[in-house]
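Number of protein chains: 4
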Amino acid sequence: MQLGMIGLGRMGSDMTRRLMNHGHECVVHDVHPQAVEALQAQGAVGGQSLADLVSRLGKPRAIWLMLPAAVVDDELARLMPLLEPGDIVIDGGNSYYRDDIRRGRMLASSGVHYVDVGTSGGVFGLERGYCLMIGGEKDVIRHLRPIFTALAPGAAAAPATPSRRQDQGTAEQGYLHCGPHGAGHFVKMVHNGIEYGLMAAYAEGLNILRNADIGTRSGDTDAETTPLRHPEYYQYHFELPEIAEVWRRGSVIGSWLLDLTADALQGDPTLEKFQGRVSDSGEGRWTIMAAIEEAVPAPVLSAALYERFSSRGDAEFANKILSAMRSEFGGHAEKPAAKPGA
Amino acid sequence: MQLGMIGLGRMGSDMTRRLMNHGHECVVHDVHPQAVEALQAQGAVGGQSLADLVSRLGKPRAIWLMLPAAVVDDELARLMPLLEPGDIVIDGGNSYYRDDIRRGRMLASSGVHYVDVGTSGGVFGLERGYCLMIGGEKDVIRHLRPIFTALAPGAAAAPATPSRRQDQGTAEQGYLHCGPHGAGHFVKMVHNGIEYGLMAAYAEGLNILRNADIGTRSGDTDAETTPLRHPEYYQYHFELPEIAEVWRRGSVIGSWLLDLTADALQGDPTLEKFQGRVSDSGEGRWTIMAAIEEAVPAPVLSAALYERFSSRGDAEFANKILSAMRSEFGGHAEKPAAKPGA
Amino acid sequence: MQLGMIGLGRMGSDMTRRLMNHGHECVVHDVHPQAVEALQAQGAVGGQSLADLVSRLGKPRAIWLMLPAAVVDDELARLMPLLEPGDIVIDGGNSYYRDDIRRGRMLASSGVHYVDVGTSGGVFGLERGYCLMIGGEKDVIRHLRPIFTALAPGAAAAPATPSRRQDQGTAEQGYLHCGPHGAGHFVKMVHNGIEYGLMAAYAEGLNILRNADIGTRSGDTDAETTPLRHPEYYQYHFELPEIAEVWRRGSVIGSWLLDLTADALQGDPTLEKFQGRVSDSGEGRWTIMAAIEEAVPAPVLSAALYERFSSRGDAEFANKILSAMRSEFGGHAEKPAAKPGA
Amino acid sequence: MQLGMIGLGRMGSDMTRRLMNHGHECVVHDVHPQAVEALQAQGAVGGQSLADLVSRLGKPRAIWLMLPAAVVDDELARLMPLLEPGDIVIDGGNSYYRDDIRRGRMLASSGVHYVDVGTSGGVFGLERGYCLMIGGEKDVIRHLRPIFTALAPGAAAAPATPSRRQDQGTAEQGYLHCGPHGAGHFVKMVHNGIEYGLMAAYAEGLNILRNADIGTRSGDTDAETTPLRHPEYYQYHFELPEIAEVWRRGSVIGSWLLDLTADALQGDPTLEKFQGRVSDSGEGRWTIMAAIEEAVPAPVLSAALYERFSSRGDAEFANKILSAMRSEFGGHAEKPAAKPGA
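Chains as they are written, first to last, in the working numbering: chain A, 1 to 342; chain B, 1 to 342; chain C, 1 to 342; chain D, 1 to 342.
None of these hints come from the bench; they were simulated from the model. Even glycine gets a Cβ: it sits at the ideal position worked out from N, Cα and C. Don't take every hint at face value.
[Stated by the list, open to error] Taking lysine-lysine and the DSS-like style, the derived pairs with C-alpha atoms no more than 25 Å apart in a straight line are:
| no. | chain 1 | residue 1 | chain 2 | residue 2 |
| --- | --- | --- | --- | --- |
| 1 | C | Lys273 | B | Lys335 |
| 2 | B | Lys138 | B | Lys59 |
| 3 | A | Lys335 | D | Lys273 |
| 4 | D | Lys335 | A | Lys273 |
| 5 | D | Lys59 | D | Lys138 |
| 6 | A | Lys138 | A | Lys59 |
| 7 | C | Lys59 | C | Lys138 |
| 8 | C | Lys335 | B | Lys273 |
[As the list claims (entries may be wrong)] Stretch by stretch, here's where chain B covers chain A in the computed footprint (C-beta under 8 Å, at least three residues):
| no. | segment |
| --- | --- |
| 9 | 103-114 |
| 10 | 151-162 |
| 11 | 235-249 |
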């Protein structure tokens, strides 16, 4: 079928390509003309402007926005006057689900349908397909099935779940209608919260392995540092790339994130090219806020988020307070920095 | 080659079967004669006693212990007088790596080689193979390669890591010599620590999804309970089995644990048959202790462990103290229990 | 000076009494006539209705609301038509600071001043005085100084901070103008967040002391339970009431909360009369949300909040998922409940 | 009575002075002769060597060691040949309680009594007195009461606990016999674990207050950073020194640590002179290990400890792994450092 795609960054472009590979017709637009041209060269129809894109789509139109969350409302404001009742707008970016609820209501007042799609897959999606978590009206989503089917990985991407009937829904294709407006981004939000937790679990574990040689280092001997009681138990020099590799087969902790970790450690086992300042996107934060509003404990997901904050120096003032307290009650001076690995 | 297997619980029996399937000869012993008989019926040689097992093995003997960690030392004490210099004892159970270091030294004084193998794979190992993390002497481990190759899943069990040379070691087969005595169980210990973290990340996330309907419940209105400010944002009734299923394809959080979770939620989406009292084995605890001795922060892995403690009621006294303090300073009485889902 | 007090629960009544003890004239109102009568008997002027209360106050009127946060907006809606430009409304309850910002703007449009006061002190405030954290316009707050001075504990309540000039502001009296609308409740919010952290620190520590006898208990010996490696190190039967008492003098961890804990443990060292279901009010939750929006790590305050959630059973489904996973990959059955203290 | 004091660092010297102020006779020794001389000038008897110190003490001798934990065993080895049955050695430093158990047994074999004393009070102890947590034999500890009474703050240092009978034990004096060997240091260990939690609670809360102006800063606008949804709610510039001060009177979170924090923030509200690299001593670590061995959840105390580890850069490799994963799956590059406060 035909789809308008607005926003041709890496995600939007790759999704357009995957759709065209599956035989769909894509009309594309982006503020950067060269992004439009690049996809035109691969078979897309170029929309020189929003109005141009809209005019090239048959009715009812289906238009997918793949934009930074911060600009979606502005783009919708420009787009809405061009649309007609029955048209469909899909937000496939990283919007907060509460914005979806508001937008769904707003567009409905003009007779336009709104669909929110949480999209996971990253740079591998073009080839592997995208996992799609979808919110909106049932009929509208059924209408868009050809699009979802093309974007999703398909059932063959993973072995069947033994106890599941294979004809019971689309989840095994890699896309799912999760509920009304916002449901797609809510599920994607929690997905990302989980992602942070998984990543942190591997990162902490590998850090423990990396420091298993601490007994071989000449220790500090001043009063401010606890001596290691049993250096003989920390004499291991582990090859992390090979350990990540061995865990990929047969172990309980095998995962796609582990596959990526094993790859990243190859050739750069100490990850020298990274500084360890870890960004976080909104979803991880919103997941914790949802947990708190629901009164659901989420210590693991929260700890994972806070590690990212701390990695960027955001605990510094708190730490200064700790040092100030220690100085007050114990006369403890701070120790100068000396990296463990130095 | 020939291997003696002592301890024919589920793990020991399945490993014996897998070894025999790969053409190895197994001499087996267990305190329960029927376990021996069951494997004899499938081609194993039965050892009626430790001495009998030892006598049936060619020299140098290789004997694999697959026993609860708590009984390994006793079994070694019985076994050692029967062995000769050059023999090999392998501990494939869940021993603490510090015990391996001690045992390695102890057996070496009799000329016997000790090998520690952390084994992951659970009930699926017979079919999928076992991930083996190995500590000990290089020559001894090379000698045992046919055994490890048979038990491990083999390279085909996962796609090759793109940036890794495929001939650079055994990790891609699913087994790895990690270092000297204790290294195998150290790596397995951290593996389990990570496992706890991964499991908790999924569990917390699914719990947040499950409670996304909190705005539909008639809320408490007393002074002790914070009213939900925006019930309109918590109106979702998510089908968790389908969400776990859709995440299995194309998403960043795909993993074997997710596969299992999707399977578990099928047919029992509220997991009624479980109480939620979660056991923990030593490895998770030892991982945190290692982190602390290394001064490596492990907030995610620790939180995961503590959730298990709390699930068994071990926070109860701490919670009573909180209630007592609140009663003291604010005159707050405890609220009676009323399950959110009730 | 003269003050109207609306809301004569424990806090409102005690604050009225303290104000009258300091020579102020209080006009009081509550939906429960007997609460009004009780204070009339102690010298307050009774307002039979909102209108009656308003009519008995000289202009500009100052009216303090001491109500559950959930009903403040309704009460304001009833009150506003009765007020005139220049009047002052003070919210001394537990409002969310964002509501203060909104209300401050709303009342300003009618020329009425709004002041938010975070009030700490609990059941001891009548005697000890209340710690007041205040947000609003500078002139208005200066006008209310006699009220704040009467309610606050006064400088003598604590030794002077050595490095602080004693004439530099009101903080040493126990009240502080923290900033514009909402600033008072923001500071009170974080105050409560800290309170949760402090309480949890004591509670966890005392729980560790209480279980220092774990080596004396006959342990579980099944495969699902890690045996205690060194029971000889856990043979202590600590008298918690006396330990809390000894910490009150000379130690680094002395505090008012510790004083209360010592008192609570007297006569009920196992706190049998509590179940350990710990409520939480909005401030603790909002503190974490503020931390997340600010990207400030708050692992301790979050953990304290989550312990309260868990104490009320809100982790149950997450725990069931953990048990379900363990059942899937390891065939582990749950262990039946058996309380450690049983 | 007479006491030998070995180790005249700040703690040992101050304790000696306090004992002499209370009329006790102190024989002192230190490896630094000038430390001995300084105390001789204030009335102590100087011991030029261990043997000299021992010879100047009447029998049964009581000798207090106030030494770094790491050197206690060596000092005991030198001291023991000089002692006789009935003599008493007191370790008042920061020993691990397991060492106390071992030493208690070892000294007993020579008829010498061992007493472990956890000592809290820091640089203020000389004036305020020391909180003493004591382990050992009942008779021996009763014999030492005059020493403990002199060192402890005394009952007047805090108001009486309302529900406690004032004649029921020594805890209200500020010292307590907690149990057999090791009990004193066990209680002190947990005391320090709690201390870390309390300190972190204040530090996190003050950090949240400090960043309440985040809405006034010109934000990052790139795709890697979540925009603040509501900058209007984060417009507060809080004066932290005054907030700490106001909390000291009448609030629930008043404490000695808060008193010190208020003092530290005076004159240096941004704590510029500190870097925020926070040391930790053994007790905090051992507390967590005890919690884990007891299966007692301690998320708050653990988080406090991990914040200290992270403040010293020990999470760096874990963070690099997170960045590496993000780079792998999303092509995310790290953002360069730009301090929030810059």
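The hints, checked one at a time:
In summary, the hint linking Lys273 of chain C to Lys335 of chain B is supported, as the alpha carbons are separated by about 13 Å, within the 25 Å threshold. The straight-line distance between the Cα atoms of Lys138 of chain B and Lys59 of chain B is roughly 19 Å, inside the 25 Å bound, and the hint therefore holds. The hinted pair formed by Lys335 of chain A and Lys273 of chain D meets the criterion: a straight-line CA distance of about 13 Å does not exceed 25 Å. Under the criterion of a C-alpha separation no larger than 25 Å, the hint pairing Lys335 of chain D with Lys273 of chain A is consistent with the structure, at around 13 Å.
Between Lys59 of chain D and Lys138 of chain D, the direct Cα distance comes to roughly 19 Å. Compliance with the 25 Å bound is thereby established for this hinted pair. The suggested pairing of Lys138 of chain A with Lys59 of chain A holds, with an alpha-carbon distance near 19 Å, which does not exceed 25 Å. For the suggested pair Lys59 of chain C and Lys138 of chain C, the alpha carbons sit about 19 Å apart, so the restraint of at most 25 Å is met. With a CA separation close to 13 Å, the supplied pair Lys335 of chain C and Lys273 of chain B stays within the 25 Å bound.
Here the segment 103-114 of chain A counts 0 residues with a CB under 8 Å from a CB of chain B, which misses the bar of 3, and the coverage is violated. Look at the segment 151-162 of chain A against chain B: 9 of its residues bring a Cβ nearer than 8 Å to a Cβ of that chain, three or more, so the hint holds. Under a criterion of three residues with beta carbons nearer than 8 Å to beta carbons of chain B, the stated coverage of the segment 235-249 of chain A is upheld, 13 such residues being counted.
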